[in-house]
Amino acid sequence: MRLATTKAPSAQEVNDMVFATILVKHTKSNAIVLAKDDRLLASGTGQTSRVDALQQAIAKAHRFNFDLTGAVMASDAFFPFPDCVEIAHKAGISAVAHPGGSIRDQESIDYCNTHGLAMCITGHRHFKH
Amino acid sequence: MFHKDGLEPIVRELHRLGVHLYSTGGTQEFIEGLGVKVTPVEDLTTYPSILGGRVKTLHPKVFGGILGRRDLDSDVAQLEEYHIPPIDLVIVDLYPFEATVAKGGSEEAIIEKIDIGGISLIRAAAKNHRDVVIIAAQAQYAELLRMLKEQDGATTLDQRRSLAATAFGVSSHYDGAIHNWFTQGEGDLRLSAGPTTVLRYGENPHQQGAFHGNLRGMFTQLNGKELSYNNLLDLDAAVELIDDLATIKGVPFAILKHNNACGAAVRPTVKEAWDAALEADPVSAFGGVLITTARIDKATAEAIDTIFFEIIAAPGYEAGALDVLKKKKNRMILERKPADRSKVKVRTALNGVLTEDCGHCGCQRRLHAPGDDKGTERAGGQ
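Here the protein sequences line up with chains A and B, keeping their order.
Take 1323 as the starting number for the first sequence in the working numbering and just add one per residue.
Take 352 as the starting number for the second sequence in the working numbering and just add one per residue.
Please note that the accuracy of each hint is not assured.
Straight-line Cα separation of at most 30 Å, DSS-like style, residue types lysine-lysine; simulated pairs [as the list claims (entries may be wrong)]:
| hint | chain 1 | residue 1 | chain 2 | residue 2 |
| --- | --- | --- | --- | --- |
| 1 | B | Lys696 | A | Lys1450 |
| 2 | A | Lys1350 | A | Lys1450 |
| 3 | B | Lys478 | A | Lys1350 |
Hints were generated in silico from the structure; no laboratory data involved.
These numbers come from a predicted model, not from an experiment.
All chains, please: the whole structure from these sequences, using the hints.
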């Protein structure tokens, strides 16, 4: 994983990003995984848009009373727009892992830098259909 | 035969039954070493083994004895005319071509492991299965021994036909492996998978389904109903996920539904991992597939027992734990064995099949700074 933002993740966030990335690798695309302290909090699975996957994950986490403050987000593929990091930030997510590769990666990175999120780029896309 | 393990009781049983044995090279010496009379194939053919062993059995006196039809007068007459003894049982264990390739043998070594005599003996004996018994691999030695003992040397046509089908499976798999080595993945795809397990149905009850692979090599089923098509898909997803999670320090536990994880956690103990995994979504966990890489203890079994689930797969179960889990008779309890999985993924698409490698990327707990080409590890929190 490569650090993309000015803010570096905590050691726990790094661990959680690896945990979440392993889970998202084995989840049907489009997939978003939210995790904290080596535990799955919620995932969005098999959606036709990444935003839908994220919103499904956030809604599930809330339904089971998880506080997403300080949780991490992993995505199975890059973010085509900065909307996902914005929605995640507003839900309390503090660190984001994704494979990178969008021509608009910088827009997501800029959003994270402005709002104090850490982001790591894994370099490995994990589509699963 | 390349592998001699398991041959001794067969030789002794054949000797007891008064069977005349023919053999070559190392197998002949092995039989003689047991104090059992054996005729060298060279004596039958009156020809020596030539070309460094490339040609030993390829002779009409051998193949005539195998292929001659016992109920056809003209065949029987010719066998008599040319002094060809009928051969009723052929046992072959082919040169280990695939193992030699896997070991990274030289091209010369690999080519020498392309069995010619053995594969020809298999095909001839299988073709004439009406009169001949064919044992085409070491894996069948035990089956042969059982038949010899239980049936006092006799076989039924159904048995011989079944053995012939197995034999052509062995020979076609062997040729497929040779083809794949020659083409190095650029020729037409040759795949063989088995043995076949017919499933109750496919993904849905109106579809027929089967699994082609060695399920018993992966799991020992300790309880419950037959694994279904969807169970196997879930197990595949579960095994892949848990093996990746096992790279993290601690005990991983995952709960899957429709191939997706609906609960997953890594904790110091299996009970803590289960509790944490279940919390993510106790609703979806209903009817799920449970998997871990640790032995299930009694406390964990009691906690798990409180919910309805389809399958649990773990490397082992404490005796008390098994008693708790077995209370539900349909619950599928699997003991997972350390076995390799397919390295190539295959699925049908349009009028062909798609393949890809398993794509292990090696997710690692490390973080690299931007532009850090040397890959120096950096602790988080800086």
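Right, here's what the structure says about each hint:
no., hint, verdict
1, Lys696(B) / Lys1450(A), "holds (12 Å)"
2, Lys1350(A) / Lys1450(A), "holds (5 Å)"
3, Lys478(B) / Lys1350(A), "violated (48 Å)"
Checked against the numbered hints given earlier, this structure breaks only hint 3.
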